[in-house]
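Colleague: This is what each chain is made of:
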Amino acid sequence: MIFKSIRWLLQAWHSLILVVVLTGFGVTAYQVARGNQLRRIDQELQQRLITAFRPGPPADPHGHGGPPRERPPPDRSPNEGKEGKHDHDPSGWRAHMREVIAHAGALEAGQTNAFYYVVWQQDGSLLASSPGAPKDVPMPAETGREHEPVDRSGAITRTRGELREFCLCFPFGDRALVGRSMAPDLAAMHRLALWLFTAGASVLAFGMAGGWWVATRAIRPIEAISATAVKIAGGDLAQRINASDTESELGRLAGVLNSTFARLEGAFTHQVRFTADASHELRTPVSVILSQTQTALSRERSAAEYRETLQACQRAAQRMRKLIESLLELARLDAGQERMKQERFDLSRVARECVELVRPLAAERGVEMRCDLTGVECLGDAERVSQVVTNLLSNAIHFNRERGEVRVTARSENGTAFLTIADTGVGIPPEDLPHIFERFYRVDKSRSRIQGKTGLGLAICKAIVEAHSGAIEVTSQPGVGSTFEVRLPSGSA
Amino acid sequence: MRVLIVEDEPDLLGSLLQALREDGYAADSAEDGEEGLYKAESYEYDAILLDVMLPGIDGWEVLSKLRKTKKTPVLILTARDAVRDRVKGLDTGADDYVVKPFDIDEVLARLRALIRRSASEAQPRLAIGEVLIDMAARTVTLRGEVVTLTAREYGLLEFLALHRGKLVTRTMLYEHLFDENDNTLSNLLDVHVSNLRKKLGHDFITTRRGHGYSIDPAL
Chain W
3 MIFKSIRWLL QAWHSLILVV VLTGFGVTAY QVARGNQLRR IDQELQQRLI
53 TAFRPGPPAD PHGHGGPPRE RPPPDRSPNE GKEGKHDHDP SGWRAHMREV
103 IAHAGALEAG QTNAFYYVVW QQDGSLLASS PGAPKDVPMP AETGREHEPV
153 DRSGAITRTR GELREFCLCF PFGDRALVGR SMAPDLAAMH RLALWLFTAG
203 ASVLAFGMAG GWWVATRAIR PIEAISATAV KIAGGDLAQR INASDTESEL
253 GRLAGVLNST FARLEGAFTH QVRFTADASH ELRTPVSVIL SQTQTALSRE
303 RSAAEYRETL QACQRAAQRM RKLIESLLEL ARLDAGQERM KQERFDLSRV
353 ARECVELVRP LAAERGVEMR CDLTGVECLG DAERVSQVVT NLLSNAIHFN
403 RERGEVRVTA RSENGTAFLT IADTGVGIPP EDLPHIFERF YRVDKSRSRI
453 QGKTGLGLAI CKAIVEAHSG AIEVTSQPGV GSTFEVRLPS GSA
Chain V
535 MRVLIVEDEP DLLGSLLQAL REDGYAADSA EDGEEGLYKA ESYEYDAILL
585 DVMLPGIDGW EVLSKLRKTK KTPVLILTAR DAVRDRVKGL DTGADDYVVK
635 PFDIDEVLAR LRALIRRSAS EAQPRLAIGE VLIDMAARTV TLRGEVVTLT
685 AREYGLLEFL ALHRGKLVTR TMLYEHLFDE NDNTLSNLLD VHVSNLRKKL
735 GHDFITTRRG HGYSIDPAL
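Line by line, the protein sequences give chains W and V. Just so it is clear: in the first sequence, position 420 is 422 by my numbering, and no numbers are missing. Just so it is clear: in the second sequence, position 95 is 629 by my numbering, and no numbers are missing.
Extracted from the complex, chain W is given alone in its bound form (with noise of 0.2 Å):
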């Protein structure tokens, strides 16, 4: 379960990232320096043996030489020897030999880490062995066995155990062999490694925890985030994430998810308002029902009065069924189901019914109907088109002033069809315009009740036109007029 958490993942593979690149380095630096550590172990014996045995004072630690003496090359080959100064007289180099490892084993004696040598003659019997040296050492096969390295010259260099071995071939098929302990080194070398390991680890750790802080810092705009979702999965839509750095990639990921929430909030409050909204407006028809009911049920009533009650009942049952009507629509239109004709009619044809439907209306209110409407093609739904339009007539001769005028033109530009509704009646103030289309919003929150309106006329309006992929716009002029606009695809383009 934790293990499934990115910060858990991140500091796993960021662990073992870092143990696989400090484990190599670690190796490969134990590597070398025992590499460089033999190397010059090697060449240390290499030294002690050609200063023991070239003239001068053998085997002197630091390689000072003494007053020189007659002795043969020691680094020439065995079958060079045969040309050497003691060519013919092998006792006499053999008893020279016996000097010269006395002489250094004597140098040697006392000392810690002491070096040891050891001469062969060629039949493999034992020459002369310094006193430091170690019992049984064997003699290295002239060819070489295995881990014994011979080099061109024919110098064999080898390990046995704790002791580190260099040996040479003489004339006569001699062979002179120094040697040392390697425990001192080995020993260093295991600090080395210790160290190494020691490092490596306090290393790790610091990784392990920077990398721990890294991960916990970029993991925290996600636990933001993270918090503030289940806030508002809660309930709470008012909640937002905080995020100050806007660039980052979180960042913008919480601008994102903010705009989302700020979304939703708005649908959601919408949602709200529309629900309280219209049970608001079904309570007062049901408050006139029961309060006439009541009224009339509480003693006995003439056949006069009982009408009156039904009458004023019926009434706001009227009023009932008709905001009910508009609520289906609405919601047919919000969830798509209201499939609009794709069909091809005449919006000037369409207009000038409307117009004759509303003309009665427009009489008793004294308001005359102007229309500037010539043929203009027109695709999509007539019948919705027409409920539109006579929604629009009817608002425009409602709030429109005594005597006023209702004028009605239409239009066909660049593939659109304009249908214009310009009234002059008291107009619609600025700080209410850009609501008119919202459900239930009125301008004069009684007045529109008394004349019968739901409050959802322009919604539908609204959400007909835009279903036509079309717009509505409004422009208005307190005390002047208004003028609707409604924008619809002429299906010519």
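Worth double-checking, as some hints may not be accurate.
What the hints assert, rightly or not - The following residues of chain W were derived to be distant from chain V, with all beta-carbon distances above 10 Å:
#1 V34
#2 Q39
#3 E46
#4 V139
#5 V205
#6 Q241
#7 H272
#8 R285
#9 V288
#10 R301
#11 T311
#12 A314
#13 D348
#14 S396
#15 T422
#16 P436
Said to hold, decoys possible - No more than 25 Å apart at the CA atoms, straight line, and that leaves these computed lysine to aspartate or glutamate pairs for DMTMM-like:
#17 K455(W) to D615(V)
#18 K455(W) to D592(V)
#19 K599(V) to D724(V)
#20 K455(W) to D566(V)
#21 K733(V) to E714(V)
#22 K455(W) to E568(V)
#23 K455(W) to E565(V)
#24 K599(V) to D637(V)
#25 K324(W) to D615(V)
#26 K622(V) to D434(W)
#27 K622(V) to D374(W)
#28 K622(V) to E568(V)
#29 K622(V) to E433(W)
#30 K324(W) to E565(V)
#31 K455(W) to E569(V)
The set of hints was computed from the structure by calculation and includes no laboratory data. Since we're looking at a predicted model, the values are computed, not measured. Yeah, the Cβ is synthetic: ideal placement off N, Cα and C, and Gly gets one too.
Model the placement of chain V on the given structure of chain W, informed by the hints.
Modeller: The following block gives chain V in isolation, referenced to the frame of chain W:
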């Protein structure tokens, strides 16, 4: 008791007026905020039923303007039932709150309680001598016997009882017992008083000649 109803929905206003009048109230009506405020400031109402959503000035404004001059008990009628709205209503100076749709009986009961409280009478029963007035049931008993009163007579008795010990002038009685549409002749008041005296005993109501009537608190 005289009550003003401010409501813009004609059918609702009609049934409220009818219900109140049948219950013995003198009820006036106003269909918008301005008319309502004018009437509320001009007459001595015992209570006002005030709708919130009104044309012109809304109920809140009517209430806050009225509160500058009068302490008339106000019962708010509204379709807004959010707690916020109720708090606003009570804070603006409303005395009670009824949410639409309401039951007429509840409105009447709240109205009775409102009027009783404004007369500093917490009990719905008033005992004056041998007469017991049950303002909740709107019944009157004399020595345990139920006395049948007309709505007018009951209204007159209740008003006098709530103001007992004080002089109740004829003007006050006209103001509180008859609504704006009553063109009652002045002598009708005397008829109601004499009917009450017949039913409850002659000494129950004292006449202060030239001033008005009162009920003796010592009874």
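Colleague: Was R285(W) rightly flagged as not at the interface, with every chain V Cβ beyond 10 Å?
Modeller: violated, 4 Å
Colleague: Mind checking the alpha carbons of K324(W) and D615(V) for me, to see if they're no more than 25 Å apart?
Modeller: holds, 23 Å
Colleague: Can you confirm whether the C-alpha distance between K622(V) and D374(W) stays at or below 25 Å?
Modeller: violated, 51 Å
Colleague: Taking only the CA atoms, is the gap from K599(V) to D637(V) under or equal to 25 Å?
Modeller: Given pair K599(V), D637(V) is violated - Cα atoms ~28 Å apart, limit 25 Å.
Colleague: Is the Cβ of P436(W) farther than 10 Å from every Cβ of chain V?
Modeller: P436(W) clear of chain V: closest Cβ-Cβ about 22 Å, beyond 10 Å.
Colleague: Would you assess whether V139(W), listed as outside the interface, keeps its beta-carbon beyond 10 Å of every beta-carbon in chain V?
Modeller: holds, 106 Å
Colleague: E46(W): least C-beta distance to chain V exceeds 10 Å?
Modeller: holds, 97 Å
Colleague: Would you mind confirming whether the straight-line C-alpha gap from K324(W) to E565(V) stays at or under 25 Å?
Modeller: holds, 24 Å
Colleague: Under the criterion that the straight-line Cα-Cα distance not exceed 25 Å, is the pair K455(W), E569(V) satisfied?
Modeller: holds, 24 Å
Colleague: Keeping to a limit of 25 Å between CA atoms, is the pair of K455(W) and E568(V) held or broken?
Modeller: OK: K455(W) and E568(V) at ~23 Å, within 25 Å.
Colleague: Going by Cβ atoms, does V205(W) stay more than 10 Å from chain V at every point?
Modeller: Given a closest Cβ separation of 63 Å, the condition holds.
Colleague: So H272(W) supposedly isn't at the interface. Is its beta-carbon more than 10 Å from every beta-carbon in chain V?
Modeller: holds, 16 Å
Hint compliance for this structure: hints 8, 9, 10, 11, 12, 19, 21, 24, 27 are not met, and every other hint is.
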